[in-house]
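Those protein sequences? They're chains A and B, same order as listed. First residue of the first sequence? That's 1 in the working numbering, and the numbers climb one at a time after it. First residue of the second sequence? That's 1 in the working numbering, and the numbers climb one at a time after it.
Keep in mind that a hint or two might mislead.
Identical copies carry no separate label here, and so any pair may be met within one copy or between two of them.
[What the hints assert, rightly or not] When the alpha-carbon atoms are kept at most 20 Å apart in a straight line, the in silico EDC-like pairs for lysine to aspartate or glutamate are as follows:
| id | residue 1 | residue 2 |
| --- | --- | --- |
| 1 | Lys23 | Glu192 |
| 2 | Lys194 | Glu14 |
| 3 | Lys23 | Asp215 |
| 4 | Lys417 | Asp407 |
| 5 | Lys194 | Asp235 |
| 6 | Lys319 | Glu332 |
| 7 | Lys265 | Asp407 |
| 8 | Lys194 | Glu114 |
No lab work stands behind these hints, which were simulated from the structure alone.
Number of protein chains: 2
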Amino acid sequence: MNYQSAGLFIIGTELTRGVIADKHCQLLANQLTRLGYHVERMVVVPDDGSIDTVLRQAIGRCDLIILTGGLGPTSDDLTRSVVARLASVPLVRDRESFEALHRRIGERIWGANEQQTMIPEGFIAIPNPNGTASGFRGVIEIEGREVAIIALPGPPREMDPMFFDEVLPYLARLAGHDEFNRSEYSTFLIPEAKLEELCREASCNGLQWGTRFQDMTISLYLVGGSEAERTEMADRLRSMVGPALIADGEVTAATLLTEHLLERKETISTAESCTGGMAAVQLTELSGSSQWFWGSVVSYANEAKTSLLGVKEETIAAKGAVSEACAIEMAEGMLLHSGSTWAVSITGIAGPEGGSREKPVGTVCFGFAGRGRTSEAVTVHLSNYGRSSVRRKATTVALLLARQFIDGCCLLDTVSKWQYI
Amino acid sequence: MNYQSAGLFIIGTELTRGVIADKHCQLLANQLTRLGYHVERMVVVPDDGSIDTVLRQAIGRCDLIILTGGLGPTSDDLTRSVVARLASVPLVRDRESFEALHRRIGERIWGANEQQTMIPEGFIAIPNPNGTASGFRGVIEIEGREVAIIALPGPPREMDPMFFDEVLPYLARLAGHDEFNRSEYSTFLIPEAKLEELCREASCNGLQWGTRFQDMTISLYLVGGSEAERTEMADRLRSMVGPALIADGEVTAATLLTEHLLERKETISTAESCTGGMAAVQLTELSGSSQWFWGSVVSYANEAKTSLLGVKEETIAAKGAVSEACAIEMAEGMLLHSGSTWAVSITGIAGPEGGSREKPVGTVCFGFAGRGRTSEAVTVHLSNYGRSSVRRKATTVALLLARQFIDGCCLLDTVSKWQYI
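Go ahead and model the full structure; you've got the sequences and the hints to work with.
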């Protein structure tokens, strides 16, 4: 028997009334997925008996059913009788549960608490070290199919240890040798629809993929096949968009840069105009930032560029504040005024106003300067999905290109492959 | 027709794999419950088409069905066709959605994006100001019963405003509330549980309330009663936490400040340490920022404080970089080096490292300087819910207090009421 398809059933009126947020679904789904289960549905219902209906609707589709809640001593205690009915067995007293509860609450066990020691006949009790209701597990046959059923109490401080200590090892055994193979990547600046298209083009040998939006990246999961096949698909993707836009593992553009700086024991400063300090914010997100970050000047007004960074008024007059010449002077000015090893500058048109035919919204110039290194600048034309998006993308570009600059890569080569961003 | 029983259907493989936690169920269930709906089930399924099955299983039990997710441009876009099949109507192009998307992304609309402008025939499109996929709503007849169906995109930053602005008033009408009276407020720095407690305390005459997490604020909706009654409740809340933490309407701490500056035709600069430029980022979020924002110095390293802002080395040696003396010198230095009317500084301990018994993590000093005004500084002790939270809260405090300083309010009085932040 292969237990592959799982359903999660969460019982709690405080959940369906939105009083509290469910905490079990993500935890259970995450753990089951790692074991190779496919979570087919997660259902939350009130304490009103509707669990019976939704459970019957899922039977025949799920090999594994996990229920939480509805085991308490109150009148809405339903789970044990619903499962017993489904299994066509009576409820019987579990002696160990009874003894454990008696040790815990003494003679108060008689009355409402007593039923907490009952489990469907043939099931195995799961002890609850942090509460009065035991859980239980068992395998029943329904319509010729084996279904494993596990019931646990609702409060997370009771459910969580029971799940990790008792249920997870049991599920791992149940799932047998089933291994769940996947590789995770972080992608930058590639729009979701484009990434999907690229994956369709790059996929072969039945490899699947999934994406997950993060704050500034989209995580890409390649699923199935061997590790070599997944690496091959990632390499094909990289050859389409350039290597800088797809990184191994779960990383951000900022950590890619800061880990590099940390290794080299070097620091960076930023001089920002249209991004208003976003690069500085990202470079200071982790404790210990002073190891790699020196400081920043947000030179939003042109006067700030000249007075704080020493950009020449003539440069702004002749080339404009959004120009490679201005970007270079900003980066070099920042380097000069700072004690950092490297400086990166960002000046562009974030919109919605301020664009022109020559320099439409999304035009951003980046400058890079380093001690003993020739400064460089590049211009990138970002798709205009709105001011916030242009600013966020420009920040990501600056962080990715700063790393390339430090490594001595040709920045023009790098950006020439970025048709999609 | 009474629409009383509701079902929520959330589509997202990243949810059933436990990669991320669902954010919609609690929000939707909470709001629906307040309107008198009974949420009968909340179901989360992967992007694999199983929405069709679970939806059909719920029809006949739910008068109202809300779906989120599965509207994107990728291959797993399912919701629109499942609903069209259920309603037995074809998908048709919604002209307004098409035009809106065309304005947004131009010719890139052709291809995968185009299908985002299709909705089931007879349905009404729900515009999506923050993304490419429109939602839609309609009423269909199934087995002689009317069922209202509403489909919304999955990302919370798209779904939330669509729900509150378009869907909630519609549902209120559907639920038979002749009038949907509500007032909206923005609250700052008050933790959710505390806000809930305060509302319980301040509520009377059956006034209900709802909250919605925004990026840096919690929106508070007071629902029911007359406008005078809602204003009275808001005033009671303000008397508990001080007026600066509750503003009318949907505003941010940044817009409260920038609109004020715009009226006065004045500008501000920031000198930031622990916030790493967050205040600058927020002050430049809108186009036209140069009207109120001059620039910023992110003086993360102590050397940056002395060399870029002229903070005295003795001040740092004697009082520390996190001190009111240093905050004042940062603000005054920023004012001196800039052409702006006002300067605000932020220096604090964002953690997780760097705290001490005297200055624990969450200790933040703020300095304020203005031309012809005596500079001021205050220290605020923020609850330590992690580095990111401390940085975000410190930014909000700086923006709120800057407005108070400009208005000549007593900053010490203001912060003395902030027991909750």
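Going down the list of hints, with the structure as the test:
no.: 1; hint: Lys23 x Glu192; result: both (15 Å within a copy, 17 Å between copies)
no.: 2; hint: Lys194 x Glu14; result: between (31 Å within a copy, 19 Å between copies)
no.: 3; hint: Lys23 x Asp215; result: both (14 Å within a copy, 15 Å between copies)
no.: 4; hint: Lys417 x Asp407; result: within (18 Å within a copy, 52 Å between copies)
no.: 5; hint: Lys194 x Asp235; result: within (17 Å within a copy, 50 Å between copies)
no.: 6; hint: Lys319 x Glu332; result: within (17 Å within a copy, 33 Å between copies)
no.: 7; hint: Lys265 x Asp407; result: within (14 Å within a copy, 46 Å between copies)
no.: 8; hint: Lys194 x Glu114; result: between (45 Å within a copy, 13 Å between copies)
The structure shown violates none of the earlier numbered hints.
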